[in-house]
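Given next are the chains, with one letter for each unit.
Number of protein chains: 2
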Amino acid sequence: MSVTVINYDLSMGRWEPNARGRLEQAALELYGERGFEQTTVAEIAKRAGLTERTFFRHFADKREVLFWGQGALQELLVHAVADAPDSVAPIDAIAAALEVAGARFQGRREHSQQRHAIIAANAELRERELIKLVSLASALAGALRLRGIADPAASLAAEVGIAVFRVAFDRWIGETGQTDWSQVIRESMDELKAVTAGR
Amino acid sequence: MSVTVINYDLSMGRWEPNARGRLEQAALELYGERGFEQTTVAEIAKRAGLTERTFFRHFADKREVLFWGQGALQELLVHAVADAPDSVAPIDAIAAALEVAGARFQGRREHSQQRHAIIAANAELRERELIKLVSLASALAGALRLRGIADPAASLAAEVGIAVFRVAFDRWIGETGQTDWSQVIRESMDELKAVTAGR
DNA sequence: CGATCGATGTCAGTTGCTGTCATCACCATA
DNA sequence: TATGGTGATGACAGCAACTGACATCGATCG
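Chains as they are written, first to last, in this note's numbering: chain A, 1 to 199; chain B, 1 to 199.
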């Protein structure tokens with residue numbers, strides 16, 4: 001089989017460039033074809049033209065290959081919170097950030113669905129996804145604290161924001177759901193406010 | 001070393017009774033003594049007077065020994081939500097359930113702290129804890145739906161409830177914090193309402 | 001008394017993951 | 001141009017988590 005090499009690098013060395021990208025693509029393909037558990041790291045490496053050992057040099061474990069892009073999303077959200085005007089309430093700064101984050105999803109809905117299906121089909125992958133979301137919440141709480149919001153308000157706003165994100169993402173990705181990210185976020189946030197107001 | 005046998009069973013058979021309990025205790029001890037990663041399942045089994053294979057017959061994996069009691073907590077919370085009067089708003093039914101759940105912690109604060117320390121010290125264990133909490137949220141959402149609450153309100157109330165639980169638990173278990181569970185829950189819930197009201 | 005059952009032991013095998021050392025193109029510098 | 005350092009990879013051995021298959025043997029039931 002042939003491997004599509006993304007981001008061909010002119011300063012190529014002894015090996016084919018973009019080892020990490022090849023590993024990622026091979027893993028996504030195999031996880032999709034036969035499932036996460038049924039795929040061995042040796043198989044991923046082979047399809048990428050590398051060795052198992054090299055896989056573990058690029059990704060901490062077999063799951064991480066699906067999540068390492070998360071770091072960029074986190075940065076995006078944190079910056080969005082930091083950039084919100086001072087007058088904006090914590091929960092609304094979070095909401096604004098979530099809307100901005102949609103830029104990373106909007107237009108790649110199908111890709112998101114595939115990845116989501118792989119993750120949803122496996123408990124270990126769901127665990128990893130959860131801890132990434134908690135890390136995100138933690139980073140958002142930090143960003144709020146930099147805006148002068150004290151705990152536990154900062155933590156609560158961040159955690160609640162992630163809860164909204166989860167609910168909104170599920171809705172957005174669902175077959176029958178709304179496909180406009182911003183709108184889904186705004187609706188979910190409105191529901192949140194209704195619920196916590198005791199209605 | 002000797003092993004304390006809890007719940008001695010008069011109908012003992014060929015082996016020492018309460019294999020599961022012995023495994024659990026041995027695991028807790030070893031995880032505490034030398035850490036989760038530094039403990040092998042073979043060591044746990046040996047201390048419990050059993051074999052590695054038997055450990056995996058009682059617990060799905062090395063982590064699960066710390067979490068299998070969670071099922072009872074989930075039942076307790078679900079029942080509490082179900083038993084709340086019809087007139088109570090979703091979020092308040094959740095809050096009431098969280099207060100009730102304190103009965104499982106109150107009076108065992110030290111034990112909770114030990115277990116919490118073990119979990120906090122290891123990323124894999126934190127992952128497992130998170131997925132258990134999500135399962136809890138899911139069960140609570142189901143209980144709310146049985147009360148006639150539609151989604152996404154049910155899911156949101158449940159997820160938010162879990163966020164409050166997390167924040168409250170951290171506060172309750174902290175050295176300087178309040179030690180009365182009910183009070184911590186009520187305070188945290190009040191904070192939540194303030195935050196989501198946009199303050 | 002014999003058959004079945006349930007909890008455990010035994011053992012071999014797969015796989016995720018790590019440590020260690022070798023390789024070799026590239027690069028800087030003498 | 002020679003030399004030595006560097007960084008990404010390969011090769012290989014090994015540990016530990018987990019699984020499947022089969023054996024064991026007291027208890028229990030008919």
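Mixed in with the good hints there might be a few duds.
Okay, the calculated bits of chain A under chain B, using three or more residues with CB under 8 Å as the criterion [said to hold, decoys possible]: (1) 115-122; (2) 130-142; (3) 145-157; (4) 165-171; (5) 183-192.
Think of the hints as simulated: they come from the structure by calculation, not from any bench.
Fair warning: this is a prediction, and the values are worked out from it, not measured in the lab.
Think of the CB as a built atom: it goes at the ideal place given N, C-alpha and C, for glycine as much as any other residue.
Status of the hints after comparison with the structure:
1. 115-122: n = 0 at 8 Å, threshold three: violated.
2. 130-142: This one holds; 3 residues, not fewer than the three required, reach chain B with a Cβ under 8 Å.
3. 145-157: The restraint on the stretch 145-157 of chain A holds, since 5 of its residues have a Cβ under 8 Å from chain B and three suffice.
4. 165-171: Result for this restraint: holds, n = 3.
5. 183-192: holds (count 3)
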